[in-house]
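Chemist: Put the complex together from the two separate chains, hints included.
Heads up: the protein sequence lines correspond to chains P and A, in order. Counting in full-length UniProt numbering, the first sequence runs from 1 upward without gaps. Counting in full-length UniProt numbering, the second sequence runs from 1 upward without gaps.
One or more of the hints may lead you astray.
[As the list claims (entries may be wrong)] Calculated cross-link-like contacts (lysine-lysine; reagent style BS3-like; alpha-carbon spacing at most 27 Å):
#	chain 1	residue 1	chain 2	residue 2
1	P	Lys271	A	Lys9
2	A	Lys73	P	Lys541
3	P	Lys470	A	Lys8
4	P	Lys271	A	Lys73
5	A	Lys14	A	Lys3
6	P	Lys271	A	Lys14
7	P	Lys534	A	Lys8
[Stated by the list, open to error] Stretch by stretch, here's where chain A covers chain P in the computed footprint (C-beta under 8 Å, at least three residues):
#	region
8	25-35
9	185-192
10	216-228
11	241-251
12	287-300
13	547-554
Bear in mind the hints are in silico, worked out from the structure with no lab data behind them. Glycine included, C-beta positions come from ideal geometry on N, C-alpha and C.
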Amino acid sequence: MSIQIWTWILVGITFTLYIGIAIWSRAGSTKEFYVAGGGVSPLANGLATAADWMSAASFISMAGLISFNGYDGSVYLMGWTGGYVLLALLLAPYLRKFGKFTVPDFIGDRYYSNVARSVAVFCALLVSFTYVAGQMRGVGLVFSRFLEVDINTGVIIGMIIVLFYAVLGGMKGITYTQVAQYCVLIFAFMVPAIFISIQMTGNPIPQLGFGGADENGVYLLDKLDGLHRDLGFAEYTSGSKSTLDIFFITAALMVGTAGLPHVIVRFFTVKKVADARKSAGWALLLIAILYTTAPAIAVFSRTNLIETVSNKEYATLPEWFSNWEKTGLISFDDKNGDGKVQYVSDPSKNELIVDKDIMVLANPEIAQLPNWIIALVGAGALAAALSTAAGLLLVISASVSHDLIKKMVNPNITEKGELIAARLSAVVAVCVAGYFGINPPDFVAATVALAFGLAAASFFPAIILGIFSKKMNKEGAIAGMLVGILSMLFYMLKFKFDWFGGGTKQDWWFGISPEGFGTVAMIANFIVAIVISKLTPNPPKEVQEIVENIRIPSGAGEAHNH
Amino acid sequence: MDKNQNLKKKYWKKNLKYLAILLSIWFLVSFVFGILLVDELNTIRLGGFKLGFWFAQQGSIYVFVILIFVYIKLMNKLDKEFGFNEQ
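Just chain A, same shape as in the assembly (with noise of 0.2 Å):
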């Protein structure tokens, strides 16, 4: 049970971790790249966009995307690892 109780532990704290990097991510593209810096990125040109506004319309909802099915995979070996996975 002790044991168990310290695998559980070591469980939720490496997914806080992937967790926090996750979100720092989700974060930068939407709210830094797409509003806070979005003047200063407008000074730079993907083709035909101005890149602020390319995540702010585009970008940041790619990433979103590709985030989810990251931390799909990602929890997804954890279960494994820990044996909490379901059949």
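With the rest of the complex left out, here is chain P (with noise of 0.2 Å):
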């Protein structure tokens, strides 16, 4: 069978998958809506995390990233999963005996202002959207390439999935249908992972395998460093950033990791302050089998990449080689006529431009495993895809219809009304986010690193210092958070996006890229707050109280809504 009817076979199961779950778990309160119920057990809690966590940028792009950058990929690798040790050990179980909806909810109450409530709300809405958007793109990526539909068609396609089980489902549907996407989307990433890893080493764990050799006794690494060197590119395991923007962009990536607040707010739905503790647990191993697998990818495809193409006949590419032209995503210029893909490091003389993102999808081509194989990597991608686009949306929806509307602008909305408005608000969130995955603006790329630099700049110190110092009140987290984010988008804006007199590389501060400037943003913050408070009057008696009771786990109750 061809690769597209096995994708139409896998994509239509796992769609009716995703459906059923939904009309099985709708929601019918909006404790279910927001926290489905507060019920849920920590493994199927971890399972959630751990897709929601999981975006098409993960399951996608990031091999794809170190493939082309070895060493200096580590960042995401290290940044993504190190964020999660930050989130258990200093955010989830505190926020859980906290035991609200959202994260401006904390932040509104433990600060006692609406107006620091109305700068959580902002960060929220913002950081979510920018993701979003890159997710819808992801659908509509794999669906041209898979289902050779219009990409529009496909971010329709992806949108009315998203639509049904959001809507319908609130948190509840939500984390059903992540519990299911996970174990798809693990499955697809692994198994042509598990295949090549043989193919190339005769070890069946990819872990151990790129650091195994080849059937001449050559270490795969040391081939692939051998490749490089010949070829002009900085050697695979040397990298060529500098070491100090690696250590921020590292550490903004941690941070911002455990500030998302699409991630924060899973730790809502379990029942006690052990269970956040535990399932955290279980989402950084469910996580970490999918980041320890990419780096292995990422060997795996770049050296199959210049083996198959470096200095080869145009003429004699394998097939993958011209589907993938068609979309544009791979392209050669034979510059010096030869007929031959000179594939180097010069760019006057390079012939062959690869786009990451299709690294991971093309990679089981490139290594001629079967065609359901490939297939299923398509669905892989859109269960990653999809579960994060939905993880997004609850929170958009939630800061409007809960954050904004019931508690600012009508605090005697029924429970009827809140729910309608949060699924309205999550309708509208859907049509806007598609609107972005049809007409991509040029910076998602930018602003998706300016997500994780505003978590880390806004939410993580201002939430840290309401859990770890009772006398931090609120004219310190509000000055803090606005330091924060303000300086970190006036850097982004700067050196991103020409504004302010623009700048290139060399008018870093200090050397620091944007990416990493939310680790420089994040210290300003804690500076600001700290000092601040200290010069203003200490928050109220039953503040401080608040606080010394969200240490304790005993009596966490469930999630309220009062």
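Modeler: Structure (structure tokens):
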């Protein structure tokens, strides 16, 4: 059977499954809509968190990024997993004890201020919208390559599916579809990795395989370093970014991960504090399966790519090459007219451009695996994109219906009214996300980095100080968040969008890239918050008591709505 | 009430001590082994891997997972010891 038929079958089966789960787990109350009723088991929550977290970027782009950046790609691996240690140790248990529905809920109540709440709502919306646009684009990409439908039709099909289960089921529907989506995506990621690992190194475990040797006894990584040297690229295992920048980017991604609202809310869905800790453990374990495999895939696909195309006759290249050429994601320009592919670091001589986003999707084809595996990767990528999109949409809808309408605009709204508002705002959010998926702004890639920087610079310090310092007051927290967000925005706009006079790499402060600047902005947030809080009155006694209370796990009760 | 207050303080102090130890390990395997000392560690080999590179792309992640499970264990024990565990 052809790849296309296999893909239709697998996508059909998985989509039917998601819709079936959505109908089975409709939400009947706001509590079910926002936090799945608060009774999710730690393992189910771990599975859902893992699917929620692993987006189209993790599934489709990350291995490709590492593949092209070698050691420099480590920032994503350490950054996007190390954040879970912070989340488990510093945030999740206490936020669960606090027991509200959203992150702005915590900020607003802990800092006894609607100004703080508004700032938090603004950040949550900004972070989630930038993120969700990228997911819808991923959906479109998979549809266009594997099902050969128009990229826009693909985005619309994806929108309808997400709309169906996010609007109907709320957090409850999302949680159980995410459990299914984790299983689909991890299976789809691992099967080709295992096949290729056996093919290239004889070892079925990719994590060990990429440290193994080929049939001639040469270590794979040494071989790849050699290939890179020959073609003029930086050595794969050394990379080219400065140590300082690697340090700051890793820190920003870690802290940003721990501050992302769609991840944090998942910990409101479990019964008790001990379960919040446990589900963070499960989540990281399940995420680590993909994250330790990705660098192996990166090495396999990089080696395979170079060996298949470098210095080969264009006319004799395998079929996958022309398949991907059609999508415009691979392009070949025979500059010296010799009919062969010169793939080298020097841009004036290089004849091949490969989009990093296709490495995971094309990898099984390059390795000549059977058609059903190639189709499976497509279904897995869709699962990754849809699960993350749904989680983000829920944050957006809860921010509007709960934080804005219920907490600020109209506190007297009925339970039923709030539920309708939540569903309506989810519909609007899906449409906006779909619009950006169809008309992607050029700055999607740049704004995803901005999302992490913003989360790191705003939420993380405010939450940490709210838990670990009884004396932190609203003046300090608000000033800190504002300084954090504004400095982050300024740096990003200046160096990514050419505002405020723009600037190039040479002008970066201390050589820190905009991606790494989140760390600087976070430190600024901490310092400003602490200094201002020393100069202004202590928080009221009740608030200090709340802080004492969230530090002790017993008596968490269920997430409540008052 | 006073006694309970004391208990809470003690529990919190112990919690902070655990956090300090676990987060130092977290910092060591990622920022120190994977970034700051990567070139030095790369002179040591672990099969086909250079050690620093291995920490950056594999080892640190394994340690992160272990750290969270150790934390879960420690805290469950601590909760029980102080009677702060929930049914």
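Chemist: It remains to establish, for every hint, whether it holds in the given structure.
Modeler: Taking the hints in turn, this is what the structure says about them:
1. P:Lys271 <-> A:Lys9: 25 Å, holds
2. A:Lys73 <-> P:Lys541: 33 Å, violated
3. P:Lys470 <-> A:Lys8: Given that 27 Å is the threshold and the Cα spacing comes to 14 Å, the pair holds.
4. P:Lys271 <-> A:Lys73: Measuring from Cα to Cα gives roughly 18 Å; hence the hint holds.
5. A:Lys14 <-> A:Lys3: 17 Å, holds
6. P:Lys271 <-> A:Lys14: 24 Å, holds
7. P:Lys534 <-> A:Lys8: 25 Å, holds
8. 25-35: This one is violated; 0 residues, fewer than the three required, reach chain A with a Cβ under 8 Å.
9. 185-192: The restraint on the region 185-192 of chain P is violated, since only 0 of its residues have a Cβ under 8 Å from chain A and three are required.
10. 216-228: The restraint on the region 216-228 of chain P holds, since 4 of its residues have a Cβ under 8 Å from chain A and three suffice.
11. 241-251: It holds: at least three residues are needed, and the region 241-251 of chain P offers 5 whose Cβ sits within less than 8 Å of chain A.
12. 287-300: Three-residue rule met by the region 287-300 of chain P, so holds; n is 4.
13. 547-554: Our answer is that it holds, as 5 residues pass the Cβ test (under 8 Å) against chain A, meeting three.
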